[in-house]
Each structure stands twice: as structure tokens, then as C-alpha cells.
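Participant: Sequence:
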Amino acid sequence: MEIMQKIDRIDAGKPFDFGRTSGDYGRYRDIYPASLYRKLRTFGVVTPGSSVLDVGTGTGVLPRHLADSGANLTGTDISPEQIKEARRLSEGLPIRYEVATAENVPFPDRSFDAVTACQCFHYFDPERFAAELKRVLKPGGLFCRIDMEWLPFEDEIARLTEEVVLRYNPAWNGKEFRPEPPAVPEWACHGFELETWHACREELPFTIDSWSGRIRTCRGVGASLEPPEIAAFEAELRRRLAEVSDGAFTIRHWLRLEIYRLQ
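For the sequence shown, counting from 1, position 142 maps to 142 in UniProt numbering; every step adds exactly one.
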């Protein structure tokens, strides 16, 4: 079942559905560095015995890597296909999954010690999501926003990848990311305190196959283009990658964590 999202501020309102990419997503989007999971423990977001909700969980990458933490883990996503794949990949692990929007999760008040949102916050309605955070977090609970972006102004392969995406989807606005200094957003000014802001550069390893697969899962490609367009896009991307690499390379990313405490 397709769940097409249309958000005016994203890609000029071009509809997208990550459920179209679930197979590739499960195979190619498990790319976050081990340092991320260590930081979530170090900063107290995930602790033994705590209850943690991962909204926009996709195929459950975050909870799967935290399954040995001793925390009680739950993941939600708007896409039934993503949740189906998350359950398949998490077979045998103590993780609960539900289909739900981030702004309306099916859990009682004060259910969680922490809520995480990895690479998905920009799809949420921030005011409605903040209200839902206040409802489901326990007093003093934490919300951790995680983002990881490639750096096209510092990395040649990231730059050429954006060029190819834009040839096939000119409306895509996930381009030209630049690191920014910390700032408290409007939604967090009432009821939350920014407790931790942490960012670093990470060199992540890829091959032509794994990077092509990762980019097929991109909102501007597999989630929104038609199959013939995706095939043409991938052929061009692979050709460009072969011109500038020997088949294996690293791509520089910016990893950022913002941790807010409910007051």
C-alpha cells in the first residue's frame, strides 16, 4: 500500500513514498557509524531499563543497533512497507514496531524516557510533533534529533551525485548542505531545554554498488521517480562514479545530534 506524502516545503510539493524503497532501504541504509550508537549511550539517551521510542524508524536501523543496550525499544513509521521490513530484519530481537505518524503515536501519556528521530525530523509538523513529545515523554524525558548529511562542498563524489539527482529530479531540494552553528528552534522554545549539541565529520566507506543503492533510497530518486527514470539515473550515476574512483571510496558526512530535555 502506497503512502504518498506531499509536503509543500519539500521538493516543491512533489509526492514521495519511502515504502517504494523498502527493499533497498533495508539493504543499503544501514550506514550510520558505530560512533553514533556509542554517543547515544554516552549522552544518556539510551540506558539499560529505559523505554525508548524511535519515530520515523524506517526499517529499524537505529533500534536494531541498540537491541543489546538493555533498553525497551519501540519504532514507528508512517509506511506499512517500512515497518514490514523492519519487523523482518528485527526477527528475534526485542523490538516492538507500529505503523503511525510521528505526530500521533498509539501510546499512553508518559510512556517513554526518550524519543529519537534519525534523519526524518524535517518531514514532521514541528508544532504538532512537539505537542506529541510532551504527551508521550515522562517528566524530564529526552528527545534526540539525529541528522547525517553528505558534504557536497567538501567531497567530490557527494557533489557529482547531487548533479545527477538534479538532472532527473530538478525539484529535489536535499542539495547543497552546509554545516550550521547550533540554534534552538521555535518549536523547542516552550517546554524544552537544549541540553546537548554535538556534531562531527565522518568519512563513511562505500563502493559503487553500495552508494548507488543508498542513493536509490533517496527521497529524490527511488521514493519519487518512476522505474524507467530510476534505471536511467542509476546507469548515469554508476558511469560517473567509475570515472572518478576505482570502485571503492569514502564520502564525508556531517553527523549532528541535538538532545532536548522536557521541562
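Keep in mind that a hint or two might mislead.
The calculated DSS-like cross-link candidates involving lysine-lysine, where the alpha carbons are at most 25 Å apart (straight line), are [said to hold, decoys possible]:
| # | residue 1 | residue 2 |
| --- | --- | --- |
| 1 | K175 | K14 |
| 2 | K6 | K175 |
| 3 | K175 | K84 |
| 4 | K6 | K84 |
| 5 | K6 | K138 |
Just the calculated beta-carbon pair ranges, DEER-fashion [claimed, not checked]:
| # | residue 1 | residue 2 | range |
| --- | --- | --- | --- |
| 6 | L194 | R128 | 15 to 23 Å |
| 7 | E127 | P228 | 34 to 42 Å |
| 8 | G49 | R238 | 19 to 27 Å |
| 9 | P139 | D209 | 46 to 54 Å |
| 10 | R41 | A232 | 37 to 45 Å |
| 11 | R110 | C189 | 31 to 39 Å |
| 12 | K6 | A248 | 34 to 42 Å |
| 13 | D246 | I31 | 19 to 27 Å |
| 14 | R88 | D68 | 18 to 26 Å |
Just so you know, the hints here were simulated from the structure itself, not pulled from any lab data. Note that the Cβ used here is the ideal one computed from N, Cα and C, for glycine as well.
Participant: Each hint: holds or not?
Facilitator: Here's how the hints hold up against the structure:
For the proposed pair K175 and K14, the alpha carbon gap of about 15 Å is at most 25 Å, so the pair holds. This hinted pair checks out: K6 and K175 have alpha carbons roughly 18 Å apart, not beyond 25 Å. For the hint linking K175 to K84, the alpha-carbon distance of about 30 Å lies beyond 25 Å, and the restraint is violated. For the given pair, K6 sits about 22 Å from K84 by alpha-carbon distance, which is consistent with the 25 Å threshold.
Between K6 and K138 the CA atoms are separated by roughly 32 Å; this puts the pair beyond 25 Å, and the hint is violated. The given range of 15 to 23 Å is respected by L194 and R128, whose C-beta atoms sit roughly 20 Å from each other. For E127 and P228, the Cβ-Cβ distance of about 39 Å falls inside the hinted range of 34 to 42 Å, so the restraint holds. Restraint check, G49 to R238: a C-beta distance of roughly 47 Å breaks the suggested window 19 to 27 Å.
Between P139 and D209, the C-beta spacing of about 47 Å keeps the proposed range 46 to 54 Å intact. The beta-carbon spacing between R41 and A232, approximately 43 Å, falls within the hinted interval of 37 to 45 Å. Taking 31 to 39 Å as the suggested C-beta distance range, the pair R110 and C189 does not conform, at roughly 22 Å. For the pair K6 and A248, the beta carbons lie near 38 Å from each other, so the given range of 34 to 42 Å is met.
For the pair D246 and I31, the supplied restraint of 19 to 27 Å holds, since their beta-carbon distance comes to about 20 Å. Taken as a hint, the range 18 to 26 Å holds for the pair R88 and D68, whose Cβ atoms sit roughly 19 Å apart.
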